[in-house]
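Start from the sequences and build out the full structure, keeping to the hints where you can.
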Amino acid sequence: MSGRMQGRHVVITGAAANIGAAAAELFAAEGADVVIGDIDPAAASTAERIVAAGGRAWFVQTDVSNGEAMQNLFRTAVEHMGGIDVIANNAGVQRSSPITEMAESDWDLHMSVNARSCFLAAKYGVPYLRESDSPAIVNMASVGGFKAPAGLAGYSASKGAIIAFTRTLASELGPEGIRVNCIAPGWVDTPFNDPIVSHMGGRAAQDAAVRAAVPLQRQGRADEIAEAFVFLASDASSFMTGHALVVDGGAS
2 MSGRMQGRHV VITGAAANIG AAAAELFAAE GADVVIGDID PAAASTAERI VAAGGRAWFV
62 QTDVSNGEAM QNLFRTAVEH MGGIDVIANN AGVQRSSPIT EMAESDWDLH MSVNARSCFL
122 AAKYGVPYLR ESDSPAIVNM ASVGGFKAPA GLAGYSASKG AIIAFTRTLA SELGPEGIRV
182 NCIAPGWVDT PFNDPIVSHM GGRAAQDAAV RAAVPLQRQG RADEIAEAFV FLASDASSFM
242 TGHALVVDGG AS
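Okay, so the sequence shown: first residue is 2 according to my numbering, each after it adds one.
Keep in mind the hints are simulated off the structure, nothing from the lab. Please note that the accuracy of each hint is not assured.
Stated by the list, open to error - Derived CB-CB ranges, DEER-like: (1) V248 to S199: 44 to 54 Å; (2) E173 to D208: 38 to 48 Å; (3) A151 to R204: 11 to 21 Å; (4) R50 to P176: 19 to 29 Å; (5) M103 to G68: 20 to 30 Å; (6) G4 to A214: 31 to 41 Å.
Predicted model only: the values in this text are computed from it and were never measured. For each residue, glycine too, the CB sits at the ideal point set by N, CA and C.
Right, here's the structure in full:
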């Protein structure tokens, strides 16, 4: 039985760990070839796990906020896979602080890694997607792009930008058959959320907040968000574009 992504060629950023690693491995398990772009060399281990499981994957060390690096990522991906069908923009950072204490560099980091990377992926990746029979872009947003706790101004602003960018790009590229959607997760149980957990006062405070806000009474798992990536990249969502898919256990 063929997988949902059989024969597809996927470029995914930010896949050293957590949601990105889970998504890369699920794409491969569903039949896709995968090229991983990440500034963290640990992402090579994700590619190695995919290969060990019988899949095809490559790692390209990439600063996703740098245009030349992103051009190199896509060129190298085409050299390895022969084309690109899906761009999954998962790379992201999170810093937490009151606005008057936030370093200007932290604000800029959120915008460059979270939002600018999606722009660069579209600018340099869309020409390759135009050669695909099933082109799709999936961006990583957040429910924080709609409403966020105090202390996450930079992160939330960048995620709101991604939601707006996704919708604009969907309108622009829809006539060419290129679908563009984003995922807006709520609480997901990974170390990525450590900055805001610390800001909240620790894990016990976070657990209490989750129980109060989430009808399912728990955080999401990385593999559950990976399923959203594959859904939005696959033919199962063939009539969806410009959508922010909220995956938050009912919190919103």
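Comparing the hints with the structure gives:
Our hint of 44 to 54 Å for V248 and S199 is violated, since their Cβ atoms are close to 24 Å apart. Checked against the hint of 38 to 48 Å, the C-beta distance between E173 and D208 comes to roughly 42 Å, which is consistent with it. Between A151 and R204, the C-beta spacing of about 18 Å keeps the proposed range 11 to 21 Å intact. A hinted range of 19 to 29 Å for the beta carbons of R50 and P176 is inconsistent with their spacing of about 39 Å.
For the hinted restraint 20 to 30 Å between M103 and G68, the CB-CB distance of approximately 26 Å keeps it satisfied. Here the CB-CB span from G4 to A214 is close to 35 Å, well matched to the stated 31 to 41 Å.
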